[in-house]
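Asks: Got chain A sorted already, so can you dock chain B onto it with the hints?
Spelled out, the chains give:
Number of protein chains: 2
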Amino acid sequence: MGTIKAAVAPSKISVKQWVDRVLDDAKFNVPAAKASAYAPSNIALSKYWGKREASFNLPVTGSVSISLAGHGTHTKLCVIDGPKHQVTLNGKGLDERDSFVIKLSQWLDRVLPNNLKLGVTTVNTVPTAAGLASSASGFAALTLATNNLMGWNLPQHQLSALARLGSGSASRSLWHGFVKWHAGQLPDGSDSVAHPLEQQWPNLRVGLLTVSSHTKAVSSREGMARTIATSKLYKQWPQQAQDDLATIEAAIAMGDFETMAKTAEHNAMSMHATMAAAWPPLVYWQPESLAQMQKVWQLRAQGLPLYLTMDAGPNLKLLFEAKHQADVVSAFETVEIITPFS
Amino acid sequence: MGTIKAAVAPSKISVKQWVDRVLDDAKFNVPAAKASAYAPSNIALSKYWGKREASFNLPVTGSVSISLAGHGTHTKLCVIDGPKHQVTLNGKGLDERDSFVIKLSQWLDRVLPNNLKLGVTTVNTVPTAAGLASSASGFAALTLATNNLMGWNLPQHQLSALARLGSGSASRSLWHGFVKWHAGQLPDGSDSVAHPLEQQWPNLRVGLLTVSSHTKAVSSREGMARTIATSKLYKQWPQQAQDDLATIEAAIAMGDFETMAKTAEHNAMSMHATMAAAWPPLVYWQPESLAQMQKVWQLRAQGLPLYLTMDAGPNLKLLFEAKHQADVVSAFETVEIITPFS
Numbered sequence: 001m002g003t004i005k006a007a008v009a010p011s012k013i014s015v016k017q018w019v020d021r022v023l024d025d026a027k028f029n030v031p032a033a034k035a036s037a038y039a040p041s042n043i044a045l046s047k048y049w050g051k052r053e054a055s056f057n058l059p060v061t062g063s064v065s066i067s068l069a070g071h072g073t074h075t076k077l078c079v080i081d082g083p084k085h086q087v088t089l090n091g092k093g094l095d096e097r098d099s100f101v102i103k104l105s106q107w108l109d110r111v112l113p114n115n116l117k118l119g120v121t122t123v124n125t126v127p128t129a130a131g132l133a134s135s136a137s138g139f140a141a142l143t144l145a146t147n148n149l150m151g152w153n154l155p156q157h158q159l160s161a162l163a164r165l166g167s168g169s170a171s172r173s174l175w176h177g178f179v180k181w182h183a184g185q186l187p188d189g190s191d192s193v194a195h196p197l198e199q200q201w202p203n204l205r206v207g208l209l210t211v212s213s214h215t216k217a218v219s220s221r222e223g224m225a226r227t228i229a230t231s232k233l234y235k236q237w238p239q240q241a242q243d244d245l246a247t248i249e250a251a252i253a254m255g256d257f258e259t260m261a262k263t264a265e266h267n268a269m270s271m272h273a274t275m276a277a278a279w280p281p282l283v284y285w286q287p288e289s290l291a292q293m294q295k296v297w298q299l300r301a302q303g304l305p306l307y308l309t310m311d312a313g314p315n316l317k318l319l320f321e322a323k324h325q326a327d328v329v330s331a332f333e334t335v336e337i338i339t340p341f342s
Numbered sequence: 001m002g003t004i005k006a007a008v009a010p011s012k013i014s015v016k017q018w019v020d021r022v023l024d025d026a027k028f029n030v031p032a033a034k035a036s037a038y039a040p041s042n043i044a045l046s047k048y049w050g051k052r053e054a055s056f057n058l059p060v061t062g063s064v065s066i067s068l069a070g071h072g073t074h075t076k077l078c079v080i081d082g083p084k085h086q087v088t089l090n091g092k093g094l095d096e097r098d099s100f101v102i103k104l105s106q107w108l109d110r111v112l113p114n115n116l117k118l119g120v121t122t123v124n125t126v127p128t129a130a131g132l133a134s135s136a137s138g139f140a141a142l143t144l145a146t147n148n149l150m151g152w153n154l155p156q157h158q159l160s161a162l163a164r165l166g167s168g169s170a171s172r173s174l175w176h177g178f179v180k181w182h183a184g185q186l187p188d189g190s191d192s193v194a195h196p197l198e199q200q201w202p203n204l205r206v207g208l209l210t211v212s213s214h215t216k217a218v219s220s221r222e223g224m225a226r227t228i229a230t231s232k233l234y235k236q237w238p239q240q241a242q243d244d245l246a247t248i249e250a251a252i253a254m255g256d257f258e259t260m261a262k263t264a265e266h267n268a269m270s271m272h273a274t275m276a277a278a279w280p281p282l283v284y285w286q287p288e289s290l291a292q293m294q295k296v297w298q299l300r301a302q303g304l305p306l307y308l309t310m311d312a313g314p315n316l317k318l319l320f321e322a323k324h325q326a327d328v329v330s331a332f333e334t335v336e337i338i339t340p341f342s
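Residue numbers (the numbering used here), protein chains in the order written: chain A, 1 to 342; chain B, 1 to 342.
These are computed hints drawn from the structure, not numbers from a lab. Since we're looking at a predicted model, the values are computed, not measured. Everything hinted at is true.
Any copy, or any two copies together, can satisfy a pair, since identical chains are not distinguished.
Below are the SDA-like pairs computed for lysine to any residue, each with C-alpha atoms no more than 20 Å apart in a straight line:
1. K295 <-> H214
2. K12 <-> L186
3. K235 <-> W279
4. K76 <-> L94
5. K92 <-> I102
6. K216 <-> P287
7. K117 <-> V79
8. K216 <-> A301
9. K295 <-> S212
10. K262 <-> P280
Next comes chain A alone, as it looks inside the complex (with noise of 0.2 Å):
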């Protein structure tokens, strides 16, 4: 329950001895005592909804996300004697038993030499659990600041590799712009990875209005896996994720806005009903929510071109270029706005 079944062999190999042949092949640099790293946080265009495999965090169907420049997350590591990784986050030290630090550390013992400890100061500059993708950020910056701690000198499509065995869409966070992620077909993920795309749009504009920053009551996690047990929807999810995909891949190359965010807002109205179709009903919008999607559909009616999606939480993403940037923070006092090619 909660993964579809592959359409490959399950893999021979576990999630470990996977993470050991690639650190094999690493020609290692002479490993530091700190490092640090900036990823981006990421809004998938077309979404990551549903595991074709769990243990390799194996998505059903490929997706492509645009990386939020500043927002994202800055990780700093270092050697600690000690038995334990310590973990602070935005400026707070955390529990051993906290959720974050069971999974952070579970990533780290997969790829640290045994009895390496971490210290791990991380500080996101979005708000932690609220559907603004803080884990993608999160272990992105954690693969690059292990990349540069440990000297793997790794390349980009492994470190995405094992960016996404913490978190699926923390795959696409490892550049900025436009990246596509592959679904993959291989039993071990090895290329379920992600790479960035060419085209810059530096009129593209993307707005943050946040609802709520508290944590989710239904993790994406749990939320996926219900609504593949139950949402009998969801059945047509992944031909409609693999075409969107390909529509938003083709509107990116020719530079039409229109098609991008249009495709986009119906992907993602199209994943959250997927959800509303689970059971028990799994809806992660808020009465304001639907507020300000009300509120965008009506803009949008009166001719303004602007478009919303919407990922596992009740915050909107509005998409819209650079000459409507006035028009949307007159309509949305709120709104944050972000340049994404800046």
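Replies: Below, chain B alone, put in the same frame as chain A:
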């Protein structure tokens, strides 16, 4: 666009020809100068969402409903001397260009002898066009009153088919209690008729939570057409609707409230999901609807066996048993309680 291809050949006769055949076979009594009838509103437990044929109002799937006892439509008819039907709705004379008058006149002109014009006095005890299916009780009451006025003496299944021509769900509003509408297979819809189920559930309660009684911006007819034409998730709906109908019918026969109500909520949420996945997105919920839905889910998580269903509108209908009425009334101050088997 707007209808899916019928599995059967299109009808060889028009709606008017079908009506003429039915009425030719009727054993008429003497027509009267005046007649009246009442029909209850009904709430679908497994929904009617999508037409396989638009002129006869033939549904993609069957459906099952519960009628709302005293909530419905009273209609009085009298023969008048004039060029046009005259319609009074809730005490207010309507202009001939009113869409309600146009729909009603079209139905009357199909079934009445040439040049016979009626005065129609209709009183709804439910808000018009707010998702409380006043068109269902309206066309059912009109059908019953016309049968009385004209002395048709038609059998019930033919009255159900005639009511369906005005509004699909009107086929179910001729009776109190649980009513099943068969999808049917014939091109002219002769077998797409409803009949009452024999089971009586005196302990069943329906709670009406009216969020808005404004006329909705997108009619059910338009909403269905848009959903079928643009919602990829809709492809799964016919199978789910058919399965849910079978589950609910069995639960009604077994007296199994939880299965009936749970399946009804899952069915309604899935129907709304097919709409959210349409383009442009179709969301009948208001922010206040979502607040009330969350309240229902919260109460249920706390142990109250309370379920909801919603039609193509912003209002909630609660499903619960008599023993929990006090809890429901205390949680929802404005709820209106209906006893379907009173």
